[in-house]
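Start from the sequences, fold in the hints, and give me the full structure.
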Amino acid sequence: MLLYALKRLIQGLITVWFIATATFLAMHAVPGDPLSGAKAMTPEIRKNLEAKYGLDKPVSQQYLIYMGNLAHGDLGISFTQKNREVNDIIREHFPVSATLGIMAVVFAGLGGTLFGALTALYRNKWPDTVIMIAVILGISVPSFVFAAFAQLAMVKINGAIGFSLLPVAGWGSVSHIIMPSLVLGLGTMAYLTRLMRSSMLEIISSDYIRTANAKGLPPTRIFMKHEMRNAVMPVVTVLGPAIAAITTGSFVVELVFAIPGLGRYFVQAVQQLDYTVIMGTTVFFGAFLVLMVILVDLLYGFIDPRVRVS
Amino acid sequence: MTQNTSVTDEPPLLEVKDLKVEFDTYGGSVQAVRGVSFSVEEGKTLAIVGESGCGKSVTVQTLMGLVPMPPGRLKSGTATLRGRNILGTSQIDGQDFRGSEIGMIFQDPMTSLNPTMTIGRQIAEPLEVHRGWSHKKAFSRAIELLEMARIPEAEQRAKQYPFEFSGGMLQRAMIAMAIACEPAILIADEPTTALDVTIQAQVLDLMGDLQQDHGTAIILITHDLGVVARMADEVAVMYAGQIVERGSVDDIFYRSAHPYTVGLRAAMPSNDPSARRSLIPIEGSPPDLFSPPTGCAYAARCPYAMKICSTSEPPPFVVGQDHFGKCWLHHEEVAGGWEKILSGAPTLLTGAKMARASSPLAENKS
Ligand SMILES: Nc1ncnc2c1ncn2[C@@H]1O[C@H](COP(=O)(O)OP(=O)(O)OP(=O)(O)O)[C@@H](O)[C@H]1O
Ligand code: SF4
Ligand SMILES: [Mg+2]
Chain A
3 MLLYALKRLI
13 QGLITVWFIA
23 TATFLAMHAV
33 PGDPLSGAKA
43 MTPEIRKNLE
53 AKYGLDKPVS
63 QQYLIYMGNL
73 AHGDLGISFT
83 QKNREVNDII
93 REHFPVSATL
103 GIMAVVFAGL
113 GGTLFGALTA
123 LYRNKWPDTV
133 IMIAVILGIS
143 VPSFVFAAFA
153 QLAMVKINGA
163 IGFSLLPVAG
173 WGSVSHIIMP
183 SLVLGLGTMA
193 YLTRLMRSSM
203 LEIISSDYIR
213 TANAKGLPPT
223 RIFMKHEMRN
233 AVMPVVTVLG
243 PAIAAITTGS
253 FVVELVFAIP
263 GLGRYFVQAV
273 QQLDYTVIMG
283 TTVFFGAFLV
293 LMVILVDLLY
303 GFIDPRVRVS
Chain B
53 MTQNTSVTDE
63 PPLLEVKDLK
73 VEFDTYGGSV
83 QAVRGVSFSV
93 EEGKTLAIVG
103 ESGCGKSVTV
113 QTLMGLVPMP
123 PGRLKSGTAT
133 LRGRNILGTS
143 QIDGQDFRGS
153 EIGMIFQDPM
163 TSLNPTMTIG
173 RQIAEPLEVH
183 RGWSHKKAFS
193 RAIELLEMAR
203 IPEAEQRAKQ
213 YPFEFSGGML
223 QRAMIAMAIA
233 CEPAILIADE
243 PTTALDVTIQ
253 AQVLDLMGDL
263 QQDHGTAIIL
273 ITHDLGVVAR
283 MADEVAVMYA
293 GQIVERGSVD
303 DIFYRSAHPY
313 TVGLRAAMPS
323 NDPSARRSLI
333 PIEGSPPDLF
343 SPPTGCAYAA
353 RCPYAMKICS
363 TSEPPPFVVG
373 QDHFGKCWLH
383 HEEVAGGWEK
393 ILSGAPTLLT
403 GAKMARASSP
413 LAENKS
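Chains as they are written, first to last, in the numbering used here: chain A, 3 to 312; chain B, 53 to 418.
These aren't lab readings, by the way, just hints derived from the structure by calculation. Some hints could be false.
Said to hold, decoys possible - Restricting the straight-line Cα-Cα distance to at most 30 Å, the calculated cross-link-like pairs of lysine-lysine (DSS-like) are:
1) A:Lys227 - B:Lys188
2) A:Lys127 - A:Lys227
3) B:Lys359 - B:Lys392
4) B:Lys211 - A:Lys227
5) B:Lys72 - B:Lys359
6) B:Lys96 - B:Lys72
7) B:Lys127 - B:Lys69
8) B:Lys188 - B:Lys211
9) B:Lys96 - B:Lys127
10) A:Lys127 - B:Lys127
11) B:Lys96 - A:Lys127
12) B:Lys72 - A:Lys9
13) A:Lys227 - B:Lys189
Unchecked claim - Here's a subset of chain A near chain B, in silico, CB distances under 8 Å, partners left out:
14) Ser208
15) Asp209
16) Tyr210
17) Arg212
18) Thr213
19) Ala216
20) Lys217
21) Leu219
22) Pro220
23) Thr222
24) Arg231
25) Gly303
26) Asp306
27) Arg308
The beta-carbon is built from N, C-alpha and C at its ideal position, and this holds for glycine as well.
Written as structure tokens, this is what we have:
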């Protein structure tokens, strides 16, 4: 198991290196550079700036410098925000994104397993129908639409009851987290519900549930100890990609709800072609996702004895 | 029918009467079980044999409340365990009789155990539920049960998961689980079909020995007449959802009272080299259970079919002590009917002319 974890970690590092290289190359393939957006600029100033940021060197050399810094954990300095280190930006804004993301994953995971199990138990009865219609909506409607509707609804509700039940936007208190993380987790929750439903249905009709019944076990025990444990397995396997989906979704949701997360900075940086910020955040997000996938794999190994033992 | 009229207050251990089960499907309703009656005595083995799809599993699974309803539907019948009803309920006196009074094992041990729970825990479960034992006590009993099932290194094995066991070991563990609460009856639905031939004997021996030690009655479902010969006291031969012959194991092998039983025997592989003969599978296929024939269900395949066979259903003719055959050949008007049945495999597909061509019992085929 330990060896396996180590192997996965090394694989992860290689993946991150690929991500970094790909981002670097993509950045330099895009027409224009961070300085071209600036206002009037004499060739001399431009030269000076290029020299300062190392843009005058050949691309291969820039790559080596970049990789060298990356290896030390130095992501460089922002082009557009005077002398601000990318590391600082991440340190300051990532916790916000992480809080939002973790809450969204928790909502999606709990909601997905719960609703999925419910639909399977009430197969073809009204709870199943209602939830499955909601699932189709959740999967097909993009999150910014939900975000807008949620805000609108909250404005109306707050107006109707005369005080602020939940804030419509912004960041700072626990109540600020609830609505955006629900909106952010909704699509994933819908997807997990569908997955959990089919998984549960398969298990309900499996041979070993028949055995459990033949042993005369009470239904609650069969549900908790035999059905849930096995049905949740496929949900855990897709938790890695689910976290990725939520992370990418957070860029939009942070914008709509005016949340000072890293996603918003990323979008801003792309618009301004802020090389270092784009590369820094991309590599950081990439590394974060790789780590999550590894953790999920290890978690899966922990709950599935077939993986754990072999 | 001459009944065994000895006066006993004691009801039979398990008594099933006129059980009828249907499945509602889009194509209509499948009459899977069409009036099955049998009883099981303490400490005895009843074998239920018959071709695939004849309703063996549905019969026993209905008793255990394991048939999903819907699509299944109980049309009629009663089933009593020591005189107490068990049909349509899983409770006797508020206690689940499954796992405590009747244990059951299944055909495929590989899929019949929970893949994410240790073998020991799964064996311990019925003890926790039915006897209220603690986790620990039940688990140490599970280890003893595994030892009883001849699993080596039971203590380590109890902590392992099903995928770490071989098929034969899993089936033995299943047996240990099914008898954990020392039930009066063990139902085994084709317990050896999925196993290697060499392993089959181990599992059957284990069942036989446990029966000796604990006096457990066994209902053994199988296609394999070799298994029947080895294990059974009583045999019920099923065809198209009905029991067409019922008798002692000797009755079935030496005094078959139904052409289908003879057909099954002819199709049975023999491992006695001196009697090695080619298998003669029964020609044709069982009737459509959506609309079973009005007469004898076997008529379409029976070499002796008579006119009456396709129009009215034969009653169970009692031909001996606790031995009946559902076949018109036992009717008193048919001369030498039973001899015809017993003439057996060689003439099975040729048939023979009837004595009285004008009677309703005259042969159908020219
Ligand atoms: N859930 C179901 N829905 C519809 N038909 C069913 C269902 N379960 C069983 N049947 C039908 O009931 C009949 C009897 O099935 P059963 O499983 O009892 O046969 P069996 O004698 O045990 O056969 P085998 O030897 O293959 O196990 C079959 O014709 C089958 O198609
Ligand atoms: S002789 Fe008639 S009743 Fe007897 S098995 Fe053949 S078809 Fe059925
Ligand atoms: Mg069967």
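Results for each hint:
1. Our distance criterion of 30 Å between C-alpha atoms is met by Lys227 (chain A) and Lys188 (chain B), whose separation comes to about 17 Å.
2. Restraint check: the Cα-Cα separation between Lys127 (chain A) and Lys227 (chain A) comes to about 24 Å, which is no more than 30 Å; the hinted pair holds.
3. Among the hinted pairs, Lys359 (chain B) with Lys392 (chain B) is consistent with the structure: their alpha-carbon atoms are about 17 Å apart, no more than 30 Å.
4. Using a Cα cut-off of 30 Å, the hinted pair Lys211 (chain B) and Lys227 (chain A) holds, with the two alpha carbons roughly 17 Å apart.
5. For the given pair, Lys72 (chain B) sits about 27 Å from Lys359 (chain B) by alpha-carbon distance, which is consistent with the 30 Å threshold.
6. Of the supplied pair hints, the one linking Lys96 (chain B) and Lys72 (chain B) holds, its CA atoms being roughly 25 Å apart against a limit of 30 Å.
7. With a CA separation close to 12 Å, the supplied pair Lys127 (chain B) and Lys69 (chain B) stays within the 30 Å bound.
8. At most 30 Å may separate the alpha-carbon atoms for a hinted pair to count; Lys188 (chain B) and Lys211 (chain B) meet this at roughly 13 Å.
9. Between Lys96 (chain B) and Lys127 (chain B) the alpha-carbon distance is near 29 Å, which keeps this suggested pair within the 30 Å criterion.
10. Using a Cα cut-off of 30 Å, the hinted pair Lys127 (chain A) and Lys127 (chain B) holds, with the two alpha carbons roughly 25 Å apart.
11. Using a Cα cut-off of 30 Å, the hinted pair Lys96 (chain B) and Lys127 (chain A) is violated, with the two alpha carbons roughly 45 Å apart.
12. Of the pairs offered as hints, the one joining Lys72 (chain B) and Lys9 (chain A) is violated, with about 60 Å between alpha carbons and a cut-off of 30 Å exceeded.
13. Proposed proximity of Lys227 (chain A) and Lys189 (chain B) is supported: the alpha carbons are some 19 Å apart, at most 30 Å.
14. Against a cut-off of 8 Å between C-beta atoms, the interface hint on Ser208 (chain A) holds, since the closest Cβ of chain B lies about 7 Å away.
15. At about 4 Å, the closest approach between the beta carbon of Asp209 (chain A) and any beta carbon in chain B falls short of 8 Å, and the interface hint on this residue holds.
16. Hint status for Tyr210 (chain A) relative to chain B: holds, with the closest Cβ pair at about 5 Å, below 8 Å.
17. For Arg212 (chain A), the interface hint holds, since its Cβ comes within 8 Å of a Cβ in chain B; the closest pair sits about 6 Å apart.
18. Satisfaction of the interface hint for Thr213 (chain A) is found here, the shortest Cβ-Cβ separation to chain B being roughly 5 Å, below the 8 Å cut-off.
19. Annotation: Ala216 (chain A) was flagged as interfacial toward chain B, and the flag holds, the nearest CB pair being 4 Å apart, inside 8 Å.
20. At about 4 Å, the closest approach between the beta carbon of Lys217 (chain A) and any beta carbon in chain B falls short of 8 Å, and the interface hint on this residue holds.
21. For the restraint placing Leu219 (chain A) at the interface with chain B, the shortest Cβ-Cβ distance is roughly 6 Å, inside the 8 Å limit, so the hint holds.
22. Given the 8 Å rule on beta carbons, the hint for Pro220 (chain A) holds: about 7 Å separates it from the nearest Cβ of chain B.
23. Given the 8 Å rule on beta carbons, the hint for Thr222 (chain A) is violated: about 11 Å separates it from the nearest Cβ of chain B.
24. A hinted interface residue such as Arg231 (chain A) counts as satisfied when its beta carbon comes closer than 8 Å to some beta carbon of chain B; here the least separation is about 5 Å, so the hint holds.
25. Of the supplied interface hints, the one on Gly303 (chain A) is violated, with its beta-carbon coming no nearer than about 12 Å to a beta-carbon of chain B, more than 8 Å.
26. Hint on Asp306 (chain A) holds. Least Cβ distance to chain B is approximately 7 Å, under the 8 Å limit.
27. At about 5 Å, the closest approach between the beta carbon of Arg308 (chain A) and any beta carbon in chain B falls short of 8 Å, and the interface hint on this residue holds.
Of the hints listed earlier, those the structure fails to meet are numbers 11, 12, 23 and 25, in rising order.
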